[in-house]
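Student: If you want the building blocks of each chain, they are given just below.
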Amino acid sequence: MGLLDRFKAQRELHAQVKSCGADPFGVKMEKILSATEALIEGRPTILCGSNNYLGFTFDADCIEAAKETLDTCGTGTTGSRIANGSYHDHKALEQDLADFYGMKHCMVFTTGYQANLGAISTLAGPNDFLIIDADSHASIYDACKLGSATVIRFKHNDPADLDRRLGRLANEPGNKIVVVEGIYSMLGDHAPLKEFVAVTKKHGAYILVDEAHSMGVMGKTGQGVVEHDGVLDQVDFITGTFSKSMGAIGGFLVSNIEDFDILRVACRPYMFTASLPPATVASVRKSLAKLRANPGLMQKLWDNVDTLYEGARAAGFTVGAQKGPVVAVHINDPALAARAWRALLLNGVYVNLALPPATPSGTALLRCSVSAAHTKEQLQSVVDVLSGVGRELGILPTPAHAVAAE
Amino acid sequence: MDAVVAEIAIALQPFKKGDIAITADTDIAQDLNMDSLAVMDLLMELEDKFDVSIPLNMVPEIATVGQLARTVIESKKGA
Ligand SMILES: Cc1ncc(COP(=O)(O)O)c(C=O)c1O
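These protein sequences, in sequence, are chains A and B. First residue of the first sequence? That's 3 in this note's numbering, and the numbers climb one at a time after it. First residue of the second sequence? That's 24 in this note's numbering, and the numbers climb one at a time after it.
So here's chain A without its partners, still in its complex pose:
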């Protein structure tokens, strides 16, 4: 058997998806025109799937900060923090994030994936338990595999189910860490954190919240669902990423736990990979400073969310149950979803095609994400194109008068 033969299922699924006329997982952006537009197949295309929630990728101040640092600190650190040392801005960004969350400690990682991988695999030891939401991101599942703890899964966003499963572990001596996300990346729904925190405390467990899609998006100052639900002071660990609302790349862990810094010499995904390039750190510091100076930025995002979410719903699509900057348009059949995705692209709209098993319970999604940098006109045209494609492919019913005219 050939080395890669065992990927038969993936190969078949990918071939089936590509038969829509293009490869949804190999899109080439010929030229990036702005935070919300790119040239794809020669066409100017509205980017409506890039998680660029605050549009910071093309913010003039962030670019300026990165450029200056590029000149003074060079292109890369060429090593990890423990081997090659921390640059001034690594430490400064950790301080900024600790301040932002009102926590004592922060560790910055090279990606959000590594932040979860590192935090979750290191915090839970061989005698401990990780109790994770069933719809957790791949980085959380992979962290469980990397670590040595016993892993139990509970029903998505279901505090009563978590309570039951923690209850079954009541006589186990190990520490228990509950892992949830703020906003979930696929369906755009968010965790009932108040209830989760209450259940967690009842069982004497710790709780870690991944705010990857909710930092800079939810809560009065943009801390995420922890702030929205008023539980910041009761969560033990928060992880997040700079690759979404912060417009760059990187990840973080904040906490008040005593002796936090021991993690820096115990956490392998922190120790054995190069640290963030200084220019990236500078742009993230600027993004965070801009969010803190002007949380009103989030209002523009939420106004835009209204346009897309309500627009898609009014057109007759089934969208995620909770309104937010991830707008998941449900198309039950993966092949049909791929054709719809292709038709959108041909009409100048880029969204993510999300298929099982990356999506929960076998659903196929046209996953849209909204940016504060979108104009109303752009989002209206996304709604129009979506509606046109939906009718053309029979996802939406054809309006009665159009049928009568035939």
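Among these hints, one or two may not hold up.
[Stated by the list, open to error] To give an idea of the chain A side of the interface with chain B (calculated C-beta under 7 angstroms), a few residues:
1. Leu148
2. Thr152
3. Val153
4. Arg170
5. Ala172
Calculated from the structure, these hints are not laboratory results. Note that the structure is a prediction, hence the values are computed from the model and not measured. Quick reminder that beta carbons are idealized off the backbone N, C-alpha and C, glycines included.
Here the structure of chain A is known, so what remains is to put chain B with the ligand in place on it, guided by the hints.
Tutor: Here is chain B with the ligand on its own, set in the frame of chain A:
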């Protein structure tokens, strides 16, 4: 053991291929075409059915319905 296999067979009805009966020797991935997500969902269902904890760490060791049944029985003892 037989009683547990029978219970598991009931939970596996949606994955049954044609008329082939589900026994202790049924291979979950190969005979029933279940992907890893479906297996994890099955474990959750069995945890509730038998009121036990079945860690995800066990998944790589469970190939057949019989092995799954033994895992359930072991967890019940531990509880
Ligand atoms: C919930 C969640 N956590 C973590 C990550 C990883 O973030 P990063 O892109 O920084 O690796 C993502 C994004 O892919 C995510 O959706």
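Student: Decide, hint by hint, whether the structure agrees.
Tutor: Consistency of the hints with the structure:
1. Leu148: violated (12 angstroms)
2. Thr152: holds (5 angstroms)
3. Val153: holds (4 angstroms)
4. Arg170: Arginine 170 (chain A) check passes; min Cβ-Cβ to chain B is 5 angstroms, inside 7 angstroms.
5. Ala172: violated (10 angstroms)
Going through the hint list in order, the structure does not satisfy hints 1, 5.
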